[in-house]
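Note that the protein sequences, when read in sequence, are chains A and B. Quick note: the first sequence uses the numbering used here, first residue 1, plus one each step. Quick note: the second sequence uses the numbering used here, first residue 471, plus one each step.
Worth flagging that the hints you see were computed from the coordinates, not collected in a lab. Just so we're clear, the structure is a prediction, and the values are computed from it rather than from any experiment. Among the clues, some could well be false.
[Unchecked claim] In silico DSBU-like cross-links for lysine-lysine, where the CA-CA straight-line distance does not exceed 30 Å:
id	chain 1	residue 1	chain 2	residue 2
1	A	Lys337	A	Lys149
2	A	Lys342	B	Lys564
3	A	Lys453	B	Lys564
4	A	Lys342	A	Lys28
5	A	Lys417	A	Lys337
6	A	Lys453	A	Lys293
7	A	Lys149	A	Lys453
8	A	Lys293	A	Lys342
9	A	Lys403	A	Lys337
10	A	Lys293	A	Lys28
11	B	Lys567	A	Lys293
12	B	Lys564	A	Lys149
13	A	Lys28	A	Lys149
14	A	Lys417	A	Lys403
15	A	Lys293	B	Lys564
16	A	Lys337	B	Lys567
17	A	Lys403	B	Lys567
18	A	Lys453	A	Lys403
19	A	Lys28	B	Lys567
20	A	Lys417	A	Lys342
21	B	Lys564	A	Lys461
22	A	Lys149	B	Lys567
23	A	Lys149	A	Lys293
24	A	Lys417	A	Lys293
25	A	Lys403	A	Lys28
26	A	Lys342	A	Lys461
27	A	Lys453	A	Lys417
28	A	Lys337	A	Lys453
[Unchecked claim] Just the calculated beta-carbon pair ranges, DEER-fashion:
id	chain 1	residue 1	chain 2	residue 2	range
29	A	Leu5	B	Leu481	42 to 48 Å
30	A	Ser78	B	Phe486	41 to 47 Å
31	B	Phe493	A	Gly465	33 to 39 Å
32	A	Lys28	B	Pro482	38 to 44 Å
33	B	Phe493	A	Lys28	37 to 43 Å
34	B	Pro482	A	Ile2	24 to 30 Å
35	B	Arg500	A	Thr184	40 to 46 Å
36	A	Val320	B	Pro482	47 to 53 Å
37	A	Val12	B	Phe493	16 to 22 Å
38	A	Ala185	B	Val496	35 to 41 Å
The beta-carbon is built from N, C-alpha and C at its ideal position, and this holds for glycine as well.
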Amino acid sequence: MIHTLVQLAYIVATALFIFSLHWMSDPKTARNAVRAGVAGMALAVLATWAQPQIIHHAWIVIAIVLGFVVGVPLSRVSLTAVPQRTALSHAFGGAAAGLVGTAKYYLWLSEGPENLTTFRMIAIMLEIVLGYLTFTGSLLAAGKLQELKWIPQRPVTYPGQNFVNLGLLALAVVLGGYVVVNPTAPISAALFPVVSVLSLAFGVLLILPIGGADMPTVISILNSYAGLSAVAMGFVLDNKLLITAGALDGSSGLILSIIMCRAMNRSFSNVLFGAFGQVQAGSAATGEEKSYKAETVEGAAQILEQASLVVIIPGYGMAVAQAQHKVREVYDALRQKGITVKFAIHPVAGRMPGHMNVLLAEAEIPYTDLVEMDEINPEMPQCDVALVIGANDVVNPAAATDKASPIYGMPIIQADKARTIFAIKRSKSPGFAGIDNELYFGDRTWMLFGDAKAVVGELAKQLTGGSGMH
Amino acid sequence: MGTHEVPALDLPSMLFVFMLSTFIGVGVIRRVSRLLHTPLMSLTNAISAIAVVGAILVTGSDYPTHIRLLGAVALFASMTNIVSGFLITNRMLKMFKTRDAEKAAPK
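Generate the whole structure from the sequences, applying the supplied hints.
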């Protein structure tokens with residue numbers, strides 16, 4: 001009886017999770033997505049807890065309370081820190097899967113070896129390998145995103161790296177395979193931790209060679225792994241709710257990584273094994289001196305006032321400078337003069353999928369004026385002023401024209417098609433990916449040098465002040 | 471009831487469920503607004519913390535202490551993801567406003 005009720009609760013929870021994701025299709029219904037998700041999760045937890053075999057309650061309560069103690073502050077981080085928080089939660093998800101898999105193996109080894117069927121052992125092995133590599137890989141990714149001093153930011157590469165990584169993985173597979181075939185052999189109980197440690201090490205080695213520009217893709221891939229480790233746990237525990245919810249997460253991570261890869265014209269294997277850093281080191285070494293044309297903020301404000309369509313192209317540099325709210329002031333000032341203002345959002349602007357949208361939404365810019373790359377590009381020739389704020393590689397025309405460029409083939413926002421281009425740049429150094437940008441030397445491009453927040457703030461002042469005088 | 475009855479694992483039906491839910495997942499996620507990909511990721515973080523179910527079973531059942539301890543750590547990790555995942559998703563989604571909604575809002 002109780003078993004049937006629990007299964008029914010799990011079915012309802014699954015349906016709620018599917019509705020939850022469905023409601024994310026539109027910002028108008030998205031708040032319902034959270035409600036449905038919370039309801040589904042509460043139902044799943046209570047139904048599981050209510051089962052008669054759950055007899056120790058104190059530890060459950062303590063773990064849940066601690067989860068709240070850590071979880072609530074983690075949900076209040078600044079929006080620039082959301083990528084790190086996301087990576088950290090992938091790490092937690094991976095750890096949970098790995099630990100449950102480990103617990104189940106040793107439990108069955110001592111109390112019910114007949115449970116350790118080949119199929120279950122395969123599932124346990126997948127669960128701990130995926131879980132533990134996601135754990136360390138995501139921790140390292142979170143550390144890189146947080147820019148911790150003792151973690152190398154630039155890709156760490158060395159000769160034979162892929163050989164070492166794949167060799168390690170192959171060793172884990174061979175040892176894991178032995179444990180799968182001989183789960184109760186005395187040596188297997190000792191090999192199990194070895195496989196766990198190899199997976200933990202593999203997670204670190206997998207992320208070490210990956211640089212900042214690839215982080216959006218990597219976070220998505222780790223998201224997928226975290227989901228798949230939950231699926232594996234479902235196979236181990238014979239629990240279909242775990243399989244469905246894990247599969248939803250796994251497919252979400254998969255789709256986001258495909259979108260990110262397309263947005264950078266890269267393949268999965270290229271991101272994971274390509275060591276982007278090596279390529280750029282070779283081609284960025286063109287020591288040619290080119291000159292920028294600088295413009296004053298006053299001059300830029302005058303030209304902006306004459307425009308009828310202004311497209312603002314934000315990059316992560318805007319967020320680093322905390323210039324979002326000043327950008328919003330410029331947006332307001334221009335709109336008050338009857339000028340149409342749109343934001344062109346590249347899929348990899350920011351440090352995780354959709355990051356830029358959230359940063360601009362926080363600055364209270366209506367989401368209806370945030371336009372995707374594919375939609376804005378046909379409009380760029382009609383654009384009077386393109387204002388590039390802290391973006392670099394996503395507007396670099398070399399991606400379309402220069403076959404030698406490491407970002408060749410990457411789709412870009414065609415800022416170079418606009419009638420006038422203003423680019424705000426902190427210094428004359430190259431961008432995140434370390435590549436020179438042709439756009440800055442174009443005939444119609446004028447540079448506004450300085451801190452993005454200061455320059456945009458000054459621009460806002462000029463625009464609002466100007467309207468009072470005329 | 472015996473402490474460890476061994477139910478025959480229904481492997482085909484589990485694979486079936488996995489296959490179908492992957493297709494549903496892909497279908498639903500493809501339609502998610504690109505504006506919301508960051509909240510989507512924090513939402514799926516929270517949902518995939520469904521591993522909490524396995525963690526509760528390991529922590530609360532009549533198992534040896536060291537096994538239950540592993541479960542409790544997993545339960546803590548999952549619960550952290552559930553709490554922070556749903557809260558931050560909600561926090562981000564509240565920020566997405568249209569121009570009309572913003573004018574109508576009191577502040």
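Hints, one by one, checked against the model:
| no. | hint | verdict |
| --- | --- | --- |
| 1 | Lys337(A) / Lys149(A) | violated, 46 Å |
| 2 | Lys342(A) / Lys564(B) | holds, 21 Å |
| 3 | Lys453(A) / Lys564(B) | holds, 25 Å |
| 4 | Lys342(A) / Lys28(A) | holds, 20 Å |
| 5 | Lys417(A) / Lys337(A) | holds, 24 Å |
| 6 | Lys453(A) / Lys293(A) | holds, 21 Å |
| 7 | Lys149(A) / Lys453(A) | holds, 25 Å |
| 8 | Lys293(A) / Lys342(A) | holds, 25 Å |
| 9 | Lys403(A) / Lys337(A) | violated, 42 Å |
| 10 | Lys293(A) / Lys28(A) | violated, 44 Å |
| 11 | Lys567(B) / Lys293(A) | violated, 38 Å |
| 12 | Lys564(B) / Lys149(A) | violated, 34 Å |
| 13 | Lys28(A) / Lys149(A) | violated, 41 Å |
| 14 | Lys417(A) / Lys403(A) | holds, 20 Å |
| 15 | Lys293(A) / Lys564(B) | violated, 41 Å |
| 16 | Lys337(A) / Lys567(B) | holds, 22 Å |
| 17 | Lys403(A) / Lys567(B) | violated, 41 Å |
| 18 | Lys453(A) / Lys403(A) | violated, 34 Å |
| 19 | Lys28(A) / Lys567(B) | holds, 9 Å |
| 20 | Lys417(A) / Lys342(A) | holds, 15 Å |
| 21 | Lys564(B) / Lys461(A) | holds, 29 Å |
| 22 | Lys149(A) / Lys567(B) | violated, 37 Å |
| 23 | Lys149(A) / Lys293(A) | violated, 36 Å |
| 24 | Lys417(A) / Lys293(A) | holds, 18 Å |
| 25 | Lys403(A) / Lys28(A) | violated, 42 Å |
| 26 | Lys342(A) / Lys461(A) | holds, 20 Å |
| 27 | Lys453(A) / Lys417(A) | holds, 26 Å |
| 28 | Lys337(A) / Lys453(A) | holds, 22 Å |
| 29 | Leu5(A) / Leu481(B): 42 to 48 Å | violated, 25 Å |
| 30 | Ser78(A) / Phe486(B): 41 to 47 Å | holds, 44 Å |
| 31 | Phe493(B) / Gly465(A): 33 to 39 Å | violated, 57 Å |
| 32 | Lys28(A) / Pro482(B): 38 to 44 Å | holds, 41 Å |
| 33 | Phe493(B) / Lys28(A): 37 to 43 Å | violated, 26 Å |
| 34 | Pro482(B) / Ile2(A): 24 to 30 Å | holds, 26 Å |
| 35 | Arg500(B) / Thr184(A): 40 to 46 Å | holds, 44 Å |
| 36 | Val320(A) / Pro482(B): 47 to 53 Å | holds, 52 Å |
| 37 | Val12(A) / Phe493(B): 16 to 22 Å | holds, 21 Å |
| 38 | Ala185(A) / Val496(B): 35 to 41 Å | holds, 40 Å |
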